[in-house]
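A.B. asks: If you want the building blocks of each chain, they are given just below.
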Amino acid sequence: MKRRDFIERTGLLAGGLLLGSSWRAAAPAGPVRVGIIGCGDRGRGILSVLAQLKEQFTLTAICDILDFRLETTQKEPSRFFRKNLQGLSSVTGR
Amino acid sequence: VQAVIIATSLDMHFQLAVDALKAGKHVYLEKTMTYSIPEALELVKQSASLPAQTLMVGHQYRYTPLYFKVKDMIAKGYLGDVTQIDCRWDRNWNWRRPVPQGYSDEQINWRMYKRHSGGLAAELLSHQMDFINWAFDTHPDEIMGTGGIDHYKDGRETFDNVQAILRYNKKGMIGNFGATCSNAKEGYIFKIKGTRGMVSLLPQEGIFYPEKETRKELETVDGVTGASRFEWNQDGGTPIMKEKMKDGTWYAMQEFYNCITEKKLPVSNVRTGATTAVCVHLANEAMYSHTIETWKPEYNLI
Chain R
-10 MKRRDFIERT GLLAGGLLLG SSWRAAAPAG PVRVGIIGCG DRGRGILSVL AQLKEQFTLT
50 AICDILDFRL ETTQKEPSRF FRKNLQGLSS VTGR
Chain A
472 VQAVIIATSL DMHFQLAVDA LKAGKHVYLE KTMTYSIPEA LELVKQSASL PAQTLMVGHQ
532 YRYTPLYFKV KDMIAKGYLG DVTQIDCRWD RNWNWRRPVP QGYSDEQINW RMYKRHSGGL
592 AAELLSHQMD FINWAFDTHP DEIMGTGGID HYKDGRETFD NVQAILRYNK KGMIGNFGAT
652 CSNAKEGYIF KIKGTRGMVS LLPQEGIFYP EKETRKELET VDGVTGASRF EWNQDGGTPI
712 MKEKMKDGTW YAMQEFYNCI TEKKLPVSNV RTGATTAVCV HLANEAMYSH TIETWKPEYN
772 LI
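Those protein sequence lines, which keep their order, are chains R and A.
Numbered as in our numbering, the first sequence ends at 83 without a single skipped number.
Numbered as in our numbering, the second sequence ends at 773 without a single skipped number.
Read the hints as simulated data drawn from the structure, not as lab findings.
Backbone N, C-alpha and C fix where the C-beta goes; we use that ideal spot for every residue, glycine too.
Do not take every clue at face value.
Straight-line alpha carbon distances no greater than 25 Å define the calculated SDA-like cross-link-like pairs of lysine to any residue that follow [unchecked claim]:
{"no.": "1", "chain 1": "A", "residue 1": "Lys717", "chain 2": "R", "residue 2": "Asp56"}
{"no.": "2", "chain 1": "A", "residue 1": "Lys713", "chain 2": "A", "residue 2": "Thr691"}
{"no.": "3", "chain 1": "R", "residue 1": "Lys64", "chain 2": "A", "residue 2": "Arg627"}
{"no.": "4", "chain 1": "R", "residue 1": "Lys43", "chain 2": "A", "residue 2": "Thr691"}
{"no.": "5", "chain 1": "A", "residue 1": "Lys735", "chain 2": "R", "residue 2": "Glu65"}
{"no.": "6", "chain 1": "A", "residue 1": "Lys715", "chain 2": "R", "residue 2": "Arg31"}
From the structure, some residues in chain A lie toward chain R, with a derived Cβ separation under 8 Å [to be verified]:
{"no.": "7", "residue": "Val475"}
{"no.": "8", "residue": "Val570"}
{"no.": "9", "residue": "Pro571"}
{"no.": "10", "residue": "Tyr584"}
{"no.": "11", "residue": "His587"}
{"no.": "12", "residue": "Thr685"}
{"no.": "13", "residue": "Trp721"}
Distance ranges between label pairs, derived from CB positions [said to hold, decoys possible]:
{"no.": "14", "chain 1": "A", "residue 1": "Glu769", "chain 2": "R", "residue 2": "Lys64", "range": "43 to 49 Å"}
{"no.": "15", "chain 1": "A", "residue 1": "Glu769", "chain 2": "R", "residue 2": "Gln41", "range": "39 to 45 Å"}
{"no.": "16", "chain 1": "R", "residue 1": "Lys43", "chain 2": "A", "residue 2": "Ser575", "range": "23 to 29 Å"}
{"no.": "17", "chain 1": "R", "residue 1": "Glu60", "chain 2": "A", "residue 2": "Gln725", "range": "26 to 32 Å"}
Input sequences plus hints: build the corresponding full structure.
C.D. replies: In structure tokens, the structure reads:
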């Protein structure tokens, strides 16, 4: 067996084993990029908490089926998050 | 996007959570976990097949250090044998939000509609039901309930006045869970009553009331050290935590981050979330169908 074949096959095998075990995805480096689906009172309440945890979270998307909620949410005190913020008005349009 | 927070109406929780998990996202899913029992059981399966992703359920009060401490006090026997739990979550307003022009009442006030919401039981009482399941490592065996649209006869479908009695056979406890939209005097009540003492909880504060004999013991132990460890307030209670807690969501979001980065299973996870969702649905079934609901073996998830 050629070395390359060996690596490819064992690589596949390892991949299969990992998928079948309880091994979990690699930890993200830096803040977790988070999107909020549902920007009513509760969604915005959570947003205001995330705004206090800048080391842990970066808000990258907000989503709601009601346009006025997206508009309101974009004016929240969490505006420092808004670099690259996407506002999606449809949950199916992700 | 690596993680999503799902804070929609209850009827959307399941599909959004499944879609987000399948898209490789970590999920913080608001309580109640799902609209129905079949959805709860299915989400347990879906989450188990994607163990690399965190699925945390938003029973946020559970995450305050106060509630961990109370769980610990129960385990260490501070309360003795607990037989009674009293929970209320009352308010005196119609529980409606103003509807902006161009939107329907159903879109804004989805909590009033049965096809979107589990009403007061799902939105409020679920927190306390969840804590009891977790703190006592148990679930109810029998659920009775009653309720009505008793004050706000404004076309709503979900009850504005509810009461459920949960019977916990293994622990020998009765849990009383009630909510009304028509009196705000007592607001939030959460009392856990045992032979040695009672704990009275607010979302961010807690008081321990020892029974007479327990108080004597605590004071005797105290006398040995010569230190005045316990300070009793006028009605015989002592604060469980020295300082007031932050809002539960603050602790919950820290935990969400830790679970994602340290690959931990959340304390409020898909299995505990499903157990509580089952409690809520059985309570609603009992209230709306005038039945006594019993726990089934397939609901045993924890």
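A.B. asks: Need the list of violated hint numbers for this structure, in ascending order.
C.D. replies: 1, 3, 4, 5, 8, 10, 11, 12 and 16
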